[in-house]
Amino acid sequence: MMFLSFSPPPSTSTPFFPVFLLLLLFLPSSLVSSSLSHTPLSWTSPHDPCYYLDGRPRHCLSEFINAAYGIPADASHSLQAHDHDSNISSLTDLHNPHNLTCWMARGGPDTGEWAITLPLGRRFDITYISLQFCQHGEPSDPISISILKSMDHGRSWRPMQHYSNDCLGNFGLPSQTVAQTRQQETEPLCSDPRPLQKQRGGMVLAFSTLDGRPSSSDFDYSHTLQDWVTATDIRVVFHQCPKHPR
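Quick note, the sequence shown lines up with residues -37 to -1, 1 to 209 if you use mature numbering (1 follows the signal peptide of the UniProt record, and there is no 0).
Derived from the structure by calculation, the hints contain no laboratory data. For each residue, glycine too, the CB sits at the ideal point set by N, CA and C. Check each hint, because a few of them may be wrong.
Said to hold, decoys possible - Pair ranges (Cβ atoms, derived):
1. 186 - 158: 35 to 41 Å
2. 56 - 138: 31 to 37 Å
3. 137 - 171: 15 to 21 Å
4. 186 - 14: 55 to 61 Å
Whole structure, please, built from the sequences with the hints as guidance.
Structural data, given as structure tokens:
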């Protein structure tokens, strides 16, 4: 599992909320670098589960690993070039009842968007992304969030999912949780995430990269979906979302 915790700044016109981000990454253990050997989650098998003892490959389903643990993240403001924090270790340290950490960006009256970027260092298959708000109650302000991925170490970006209470107005997309065709299954969907799931640590917004994709049951044979879940970097963007007049 990958743990990140951060909290974009509050603003009079652009509400943001503290967030704890969880990503589950899936890949063969033979590809795990030594820098990840200290992670809390690891394989229990003494040998690579994707190979027989004599070295022949075999079909396997590797376990999840904490691929982000200890990897510094980056936070930046779209309209404030000076408001940029890098190497934020509190985004990727362990998050448990004995170590509750959140990063708070510097607040201000300027509008715009905040982006949290995590360079993974190599290619991974992303299985699950979860945004856990540090506060325990449901956020009262509108939500407008995008999850993007890069396959070339940040040189280009591709959206994977949008969340908004106004998908059509904010992203020009209908609100839907299931791709209607196989041609659409590698395009970003948009949906209203509320009501958020409630877990012990707070309110959670969860995104599964294969959920609602028609070919997910044939993932092993779908090169399109295999490409869809591959990423070298993950970015979460908190868009400007003015409050509606009451």
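Each hint, compared with the structure:
1. Residue 186 and residue 158 have their C-beta atoms about 36 Å apart, which keeps the hinted 35 to 41 Å range intact.
2. For residue 56 and residue 138, the hinted distance range of 31 to 37 Å is satisfied, since their beta carbons lie about 35 Å from each other.
3. Roughly 20 Å separates the CB atoms of residue 137 and residue 171, a value that falls within the hinted 15 to 21 Å.
4. Between residue 186 and residue 14 the Cβ separation comes to about 22 Å, which falls outside the hinted range of 55 to 61 Å.
Checked against the numbered hints given earlier, this structure breaks only hint 4.
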